[in-house]
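J.: Heads up: the sequence lines are chains A and B, in that order. Residues are numbered in this note's numbering as their position in the first sequence, beginning at 1, plus a constant of 10. Residues are numbered in this note's numbering as their position in the second sequence, beginning at 1, plus a constant of 30.
Do not rely on the hints blindly, as some may be mistaken.
[As the list claims (entries may be wrong)] Simulated pairs of lysine-lysine, DSBU-like, Cα-Cα distance not exceeding 30 Å:
| id | chain 1 | residue 1 | chain 2 | residue 2 |
| --- | --- | --- | --- | --- |
| 1 | A | 21 | A | 67 |
| 2 | A | 21 | B | 71 |
| 3 | B | 86 | B | 71 |
| 4 | A | 67 | B | 47 |
| 5 | B | 98 | B | 33 |
| 6 | A | 24 | A | 67 |
| 7 | B | 33 | B | 71 |
| 8 | A | 81 | A | 21 |
| 9 | B | 98 | B | 86 |
| 10 | B | 47 | B | 71 |
| 11 | A | 24 | B | 98 |
| 12 | A | 81 | B | 71 |
| 13 | A | 67 | B | 33 |
| 14 | B | 86 | B | 33 |
| 15 | A | 67 | A | 81 |
[To be verified] Just a few of them, taken from the derived set where beta-carbon distance is under 7 Å, the chain A residues facing chain B:
| id | residue |
| --- | --- |
| 16 | 13 |
| 17 | 17 |
| 18 | 52 |
| 19 | 105 |
| 20 | 112 |
| 21 | 114 |
| 22 | 116 |
None of these hints come from the bench; they were simulated from the model. By construction, the Cβ of each residue, glycine as well, lies at the ideal position given by its N, Cα and C atoms.
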Amino acid sequence: DTGVSQDPRHKITKRGQNVTFRCDPISEHNRLYWYRQTLGQGPEFLTYFQNEAQLEKSRLLSDRFSAERPKGSFSTLEIQRTEQGDSAMYLCASSLMQGAEAFFGQGTRLTVV
Amino acid sequence: ELKVEQNPLFLSMQEGKNYTIYCNYSTTSDRLYWYRQDPGKSLESLFVLLSNGAVKQEGRLMASLDTKARLSTLHITAAVHDLSATYFCAVDEDYGGATNKLIFGTGTLLAVQP
């Protein structure tokens, strides 16, 4: 296992389009997290899953954002009707269990033009 | 609401010098993380600090945690150019790590000059 994998690494989209990102966590990690990082800032928590259950969503996650983890393995983050303010690095992390260290993927850099 | 502050935000150092980055947080937590981020890259875990008085060292970096003061430090000894990066501290919002929801500081951009 080579760690948390995210796809695509880069995405350029026109304003108003929908985009979907994928995250494959480390095998057997039952917790999966999404963070967003804008230029010059630290990552901000968006949401997290325990297996397939989405347990918490940040206020940053507007109605245009939806995340799923249908079988408790990989996760997807979809942004509908993208806006320029959505341009950021979207980071996925996973951890083995509650209280365990989270490991981050390489991120997906989204640019909305 | 937990807030995490780092200082300085930018640090220009000469090779061979020592310096300390500070991380203050506003509410009780029992776990703190330090990460390194190179430009355009993801976060590399450096240290996990789980108890008051915890001290960990790896190479030229040493991290400590004072939970009573709600303060962590990252000390750099005899800096080298390869240490140039942005360093983040992150605090677990939930005592006991129930969610592993991390609140990050704004980061310290470290530039080590020859």
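J.: Give a verdict on every hint.
T.: Status of each hint after checking the structure:
1. 21/A to 67/A: OK: residue 21/A and residue 67/A at ~23 Å, within 30 Å.
2. 21/A to 71/B: It holds: about 15 Å lies between the C-alpha atoms, which stays within 30 Å.
3. 86/B to 71/B: holds, 24 Å
4. 67/A to 47/B: violated, 43 Å
5. 98/B to 33/B: Holds. Residue 98/B to residue 33/B sits at ~16 Å (cutoff 30 Å).
6. 24/A to 67/A: Given that 30 Å is the threshold and the Cα spacing comes to 26 Å, the pair holds.
7. 33/B to 71/B: Within the cut-off at roughly 24 Å; holds.
8. 81/A to 21/A: holds, 25 Å
9. 98/B to 86/B: The hint holds at about 18 Å.
10. 47/B to 71/B: Satisfied, since the Cα-Cα distance of roughly 26 Å is no more than 30 Å.
11. 24/A to 98/B: violated, 49 Å
12. 81/A to 71/B: It holds: about 28 Å lies between the C-alpha atoms, which stays within 30 Å.
13. 67/A to 33/B: holds, 18 Å
14. 86/B to 33/B: holds, 23 Å
15. 67/A to 81/A: holds, 19 Å
16. 13: violated, 9 Å
17. 17: violated, 13 Å
18. 52: holds, 3 Å
19. 105: With a minimum Cβ separation of about 5 Å from chain B (threshold 7 Å), the hint on residue 105/A holds.
20. 112: This hint holds: residue 112/A lies near chain B, its Cβ roughly 6 Å from the closest one there, short of 7 Å.
21. 114: With Cβ-Cβ at 4 Å, under 7 Å, it holds.
22. 116: holds, 5 Å
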